[in-house]
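Student: Chains as they are written, first to last, in the UniProt record's numbering: chain A, 1 to 258; chain B, 1 to 258; chain C, 1 to 258; chain D, 1 to 258.
Everything labelled a hint here was simulated from the structure, so no lab data went into it. Some clues are possibly wrong.
Here are the simulated lysine-lysine pairs, PhoX-like style, with alpha carbons at most 25 Å apart [unchecked claim]:
| # | chain 1 | residue 1 | chain 2 | residue 2 |
| --- | --- | --- | --- | --- |
| 1 | D | Lys163 | A | Lys100 |
| 2 | B | Lys142 | B | Lys197 |
| 3 | A | Lys239 | B | Lys142 |
| 4 | D | Lys100 | C | Lys163 |
| 5 | A | Lys114 | A | Lys163 |
| 6 | A | Lys114 | A | Lys197 |
| 7 | C | Lys239 | D | Lys142 |
| 8 | C | Lys34 | D | Lys34 |
| 9 | D | Lys34 | A | Lys69 |
Residues from chain D that face chain A, not an exhaustive set, calculated with beta carbons under 8 Å [what the hints assert, rightly or not]:
| # | residue |
| --- | --- |
| 10 | Asp72 |
| 11 | Ile151 |
| 12 | Gly168 |
| 13 | Tyr169 |
| 14 | His219 |
| 15 | Lys222 |
| 16 | Tyr230 |
| 17 | Leu234 |
| 18 | Glu237 |
| 19 | Leu241 |
| 20 | Leu243 |
| 21 | Ile246 |
| 22 | Asp248 |
Backbone N, C-alpha and C fix where the C-beta goes; we use that ideal spot for every residue, glycine too.
Protein chains: 4
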Amino acid sequence: MTPPNPQPANNNDHLVQSDDPEHPANLIPALCAKFWTLGWVTGTGGGASIRDGDLVYIAPSGVQKELMKPSDIYVLSLAAQAASLDRRNRIYLRSPPNHKPSQCTPLFLAAFNKRGAGCCIHTHSHWAVLVTLILEQQGPGKDREFRINNIEQIKGFGRGYGKTGNLGYHDTLVIPVIENTAHEEDLTEFLEEAMDKYPDTYAVLVRRHGVYVWGETVHKAKTQCESLDYLFQLAVEMKQLGLPWITDIEPVVPRRNS
Amino acid sequence: MTPPNPQPANNNDHLVQSDDPEHPANLIPALCAKFWTLGWVTGTGGGASIRDGDLVYIAPSGVQKELMKPSDIYVLSLAAQAASLDRRNRIYLRSPPNHKPSQCTPLFLAAFNKRGAGCCIHTHSHWAVLVTLILEQQGPGKDREFRINNIEQIKGFGRGYGKTGNLGYHDTLVIPVIENTAHEEDLTEFLEEAMDKYPDTYAVLVRRHGVYVWGETVHKAKTQCESLDYLFQLAVEMKQLGLPWITDIEPVVPRRNS
Amino acid sequence: MTPPNPQPANNNDHLVQSDDPEHPANLIPALCAKFWTLGWVTGTGGGASIRDGDLVYIAPSGVQKELMKPSDIYVLSLAAQAASLDRRNRIYLRSPPNHKPSQCTPLFLAAFNKRGAGCCIHTHSHWAVLVTLILEQQGPGKDREFRINNIEQIKGFGRGYGKTGNLGYHDTLVIPVIENTAHEEDLTEFLEEAMDKYPDTYAVLVRRHGVYVWGETVHKAKTQCESLDYLFQLAVEMKQLGLPWITDIEPVVPRRNS
Amino acid sequence: MTPPNPQPANNNDHLVQSDDPEHPANLIPALCAKFWTLGWVTGTGGGASIRDGDLVYIAPSGVQKELMKPSDIYVLSLAAQAASLDRRNRIYLRSPPNHKPSQCTPLFLAAFNKRGAGCCIHTHSHWAVLVTLILEQQGPGKDREFRINNIEQIKGFGRGYGKTGNLGYHDTLVIPVIENTAHEEDLTEFLEEAMDKYPDTYAVLVRRHGVYVWGETVHKAKTQCESLDYLFQLAVEMKQLGLPWITDIEPVVPRRNS
Numbered sequence: 001m002t003p004p005n006p007q008p009a010n011n012n013d014h015l016v017q018s019d020d021p022e023h024p025a026n027l028i029p030a031l032c033a034k035f036w037t038l039g040w041v042t043g044t045g046g047g048a049s050i051r052d053g054d055l056v057y058i059a060p061s062g063v064q065k066e067l068m069k070p071s072d073i074y075v076l077s078l079a080a081q082a083a084s085l086d087r088r089n090r091i092y093l094r095s096p097p098n099h100k101p102s103q104c105t106p107l108f109l110a111a112f113n114k115r116g117a118g119c120c121i122h123t124h125s126h127w128a129v130l131v132t133l134i135l136e137q138q139g140p141g142k143d144r145e146f147r148i149n150n151i152e153q154i155k156g157f158g159r160g161y162g163k164t165g166n167l168g169y170h171d172t173l174v175i176p177v178i179e180n181t182a183h184e185e186d187l188t189e190f191l192e193e194a195m196d197k198y199p200d201t202y203a204v205l206v207r208r209h210g211v212y213v214w215g216e217t218v219h220k221a222k223t224q225c226e227s228l229d230y231l232f233q234l235a236v237e238m239k240q241l242g243l244p245w246i247t248d249i250e251p252v253v254p255r256r257n258s
Numbered sequence: 001m002t003p004p005n006p007q008p009a010n011n012n013d014h015l016v017q018s019d020d021p022e023h024p025a026n027l028i029p030a031l032c033a034k035f036w037t038l039g040w041v042t043g044t045g046g047g048a049s050i051r052d053g054d055l056v057y058i059a060p061s062g063v064q065k066e067l068m069k070p071s072d073i074y075v076l077s078l079a080a081q082a083a084s085l086d087r088r089n090r091i092y093l094r095s096p097p098n099h100k101p102s103q104c105t106p107l108f109l110a111a112f113n114k115r116g117a118g119c120c121i122h123t124h125s126h127w128a129v130l131v132t133l134i135l136e137q138q139g140p141g142k143d144r145e146f147r148i149n150n151i152e153q154i155k156g157f158g159r160g161y162g163k164t165g166n167l168g169y170h171d172t173l174v175i176p177v178i179e180n181t182a183h184e185e186d187l188t189e190f191l192e193e194a195m196d197k198y199p200d201t202y203a204v205l206v207r208r209h210g211v212y213v214w215g216e217t218v219h220k221a222k223t224q225c226e227s228l229d230y231l232f233q234l235a236v237e238m239k240q241l242g243l244p245w246i247t248d249i250e251p252v253v254p255r256r257n258s
Numbered sequence: 001m002t003p004p005n006p007q008p009a010n011n012n013d014h015l016v017q018s019d020d021p022e023h024p025a026n027l028i029p030a031l032c033a034k035f036w037t038l039g040w041v042t043g044t045g046g047g048a049s050i051r052d053g054d055l056v057y058i059a060p061s062g063v064q065k066e067l068m069k070p071s072d073i074y075v076l077s078l079a080a081q082a083a084s085l086d087r088r089n090r091i092y093l094r095s096p097p098n099h100k101p102s103q104c105t106p107l108f109l110a111a112f113n114k115r116g117a118g119c120c121i122h123t124h125s126h127w128a129v130l131v132t133l134i135l136e137q138q139g140p141g142k143d144r145e146f147r148i149n150n151i152e153q154i155k156g157f158g159r160g161y162g163k164t165g166n167l168g169y170h171d172t173l174v175i176p177v178i179e180n181t182a183h184e185e186d187l188t189e190f191l192e193e194a195m196d197k198y199p200d201t202y203a204v205l206v207r208r209h210g211v212y213v214w215g216e217t218v219h220k221a222k223t224q225c226e227s228l229d230y231l232f233q234l235a236v237e238m239k240q241l242g243l244p245w246i247t248d249i250e251p252v253v254p255r256r257n258s
Numbered sequence: 001m002t003p004p005n006p007q008p009a010n011n012n013d014h015l016v017q018s019d020d021p022e023h024p025a026n027l028i029p030a031l032c033a034k035f036w037t038l039g040w041v042t043g044t045g046g047g048a049s050i051r052d053g054d055l056v057y058i059a060p061s062g063v064q065k066e067l068m069k070p071s072d073i074y075v076l077s078l079a080a081q082a083a084s085l086d087r088r089n090r091i092y093l094r095s096p097p098n099h100k101p102s103q104c105t106p107l108f109l110a111a112f113n114k115r116g117a118g119c120c121i122h123t124h125s126h127w128a129v130l131v132t133l134i135l136e137q138q139g140p141g142k143d144r145e146f147r148i149n150n151i152e153q154i155k156g157f158g159r160g161y162g163k164t165g166n167l168g169y170h171d172t173l174v175i176p177v178i179e180n181t182a183h184e185e186d187l188t189e190f191l192e193e194a195m196d197k198y199p200d201t202y203a204v205l206v207r208r209h210g211v212y213v214w215g216e217t218v219h220k221a222k223t224q225c226e227s228l229d230y231l232f233q234l235a236v237e238m239k240q241l242g243l244p245w246i247t248d249i250e251p252v253v254p255r256r257n258s
């Protein structure tokens, strides 16, 4: 165990120094390394953020995600940020010396502020991008929602913010799709609009870009993100085989109960 | 080597504490971590159970499968469970403090009770789900069995419960497909029915859900599950290339024997 | 470093005990573990054998390939085996206590005896099987050779047994396809026939089964097997995109040389 | 920490001996091992080179890329090489004892000399090869450039040599395609021509062969190579789904700014 290095008081480096592997500053690099092997954060794309109470930990912009270190992490205060008059000016409690803040920052903050999320993950997964392209191919009006039902993995999602329990096998999972903007920060207003319009969703697809997924905890954000990527992959494969995403299947009545 | 922690007598924590990597409480986490990399237990889906004599070890519900620990494992007695009047009320010899029992439990028990299996694996593999969807597309009456023949990997399966030897290259492997139910526990009666109807099978597909695979030992359950996933993947790829799963191929007669 | 265990004189266990990671008894498990991650030896299928002078080291039948240990390895003498009257009766210098010999043994021996190979690898790779299925779909007469040209990776193959140098970019790589037999040992005569008919080949495809690949050294066998699997995968993907495997491409003449 | 071995003065082995994991002689093997898992350098194909000031470090020809060691690395002086009258005769400051120089050497040097690159990567990625094959299928005149726009990952590329900033979401990424030659060294003049014709590109595709990607630093070369491979994969998948690579999408105007 190395003793913490003395740091300049104003950079709060102690916020990213912990021996606990579950500490957000350790967990974000571990998660991002895992996501890299899944093809979610290729070529510095994508990222992840964890909220612990008022503190928000964020991966920086432009790093190789499988090589990230705790010392690369930004920390900011949610309350201080909310009190700021200029939403686009962010004041960090702690900044890494050689990085730039992630353009995803305001999008992660939206999940924390509007949904009370504890973790938000952004991936550039091929499957997510392909799903938005397949929807786009179906024409205007049919390209704003990904819908799938009657797949067991749908049970991996909560019913919605503040609701108890998870979706069921026969439920339709609906993920809104927003347009991509030239600058990632500009996605924020559209992400927030989608959150307002789809109060139960834990994810928003961004056309030709990827997906944002969140959850109350790191566990929930990560497993929902995995389940969603599984469903996106399945949906693309179903499309290639000419199988519809939405079906009308009569629930099976167990005889024991009848 | 850490000395075993003192535990409350009634929770039998010693049942999941061993230095032997082959002990079921160590083996289940190791297997599940491997299955996670294969995409079989994404987003907490799927699971595995091992029977050692009368003791059944089961992964809990809702954990990240690649992060599971021996202390997460449930243990129950097969005999005590069989003697219980209420099949749905399960009495655990040992329970982890922060988990819920897996909904797969009665399905694993069916493999142990009806087949004398030593291990049962449940995956949400894409290939398994896609095979059930392709069958479904072929219409009612043609969607209840996955059949494939004349592929070498078919040799990876035993001839059947209580039978000696493995299937041959020219044999047709038949895997029954059961309908998915809203609640996973309700699958049990249909799984048991399929076991009765297909006494030689080591696996049952669940439509739009995944597959259950078992074997007399961990080795056999795991290698049969791998071989089956290989065949499911091949079957999907054959479908994409317009190749039939069942063919009529004349056995080659080796000249040396003729 | 553990001192070698005393072993019964007649089992020659010292033949599989070495601290050198390049020793065949250590190298075969390391290679097989790597091949498992590539999907080449799923569910105990496939295998590998290394020849060091007169000694042949072979992975046993039916083991989980990613878990193999040096103590699982069979060793036999090529000369003693050649002198035996019954080719099907093999006398092992060293046998593991709990395994059966691999059915691939006579096929590996063919590569060592007829080609002087130093290593032979057998995979059940999906890509190999799909290539044989695509050829089969083209009808009798067109299903006995895999041919591909004008792909850079073709340079990964030697020109042939006893020849110098490698194939060129414009050369056509030809891999013969033999029919699968009910019993793997019965493949031997057909493999040997293919070796006679295609004296330059370093590989033979087995329909609906996989591929055998060899080389003068472990390095050459392994890299040729990788290059071939790459080409099989590319060939399947080309088929899916409607691209032909054989093309007529005019060589580019570098101006500097003209 | 081992003390450096004494080496013959004329082979400069100290140039490849360092405890710093970021030293080029350590970084090239680490990168190549990672690239092997991505399928970029299968069967000894592909490679990587790093320039540190005047010194150029190059992986040798014909090694298993996931097993490379610092002692396998060649080192040459860019200035000494440029002063040589015969471009094809290369004088190495340091050579490994048992290897041959890579045929990619003059192509790597082109990136260093003409673009001031700090790192150049060459892959045989399936996706790169398939993209060139799909372009070829579109016929002469339409096969010399890979073009894609309106995909977020395009932001992973710099605007061009000596320019500031990166491409935007709506920008069209253009990668030239050159013909493959029988001998890899002969590609050099065509690569250099493509660099002249496309002064802003950081990559050149080689038909039926792979791709060369470079960047000012190892970080930039590697992340641009990852982003490009991501786009190649997406492009192949889009082709399979009948989706066009170039689209006309109206930029979204954020309301906050309007």
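Student: Evaluate each hint against the coordinates.
Tutor: We went through each hint and held it up to the structure:
no.	hint	in the structure
1	D/Lys163 x A/Lys100	holds (19 Å)
2	B/Lys142 x B/Lys197	holds (17 Å)
3	A/Lys239 x B/Lys142	holds (21 Å)
4	D/Lys100 x C/Lys163	holds (19 Å)
5	A/Lys114 x A/Lys163	holds (15 Å)
6	A/Lys114 x A/Lys197	holds (12 Å)
7	C/Lys239 x D/Lys142	holds (21 Å)
8	C/Lys34 x D/Lys34	holds (14 Å)
9	D/Lys34 x A/Lys69	holds (18 Å)
10	Asp72	violated (23 Å)
11	Ile151	holds (5 Å)
12	Gly168	holds (6 Å)
13	Tyr169	holds (5 Å)
14	His219	holds (7 Å)
15	Lys222	holds (7 Å)
16	Tyr230	holds (5 Å)
17	Leu234	holds (6 Å)
18	Glu237	holds (6 Å)
19	Leu241	holds (6 Å)
20	Leu243	holds (5 Å)
21	Ile246	violated (12 Å)
22	Asp248	violated (12 Å)
Violated hints, listed in ascending order, are 10, 21, 22; each of the other numbered hints is respected by the structure.
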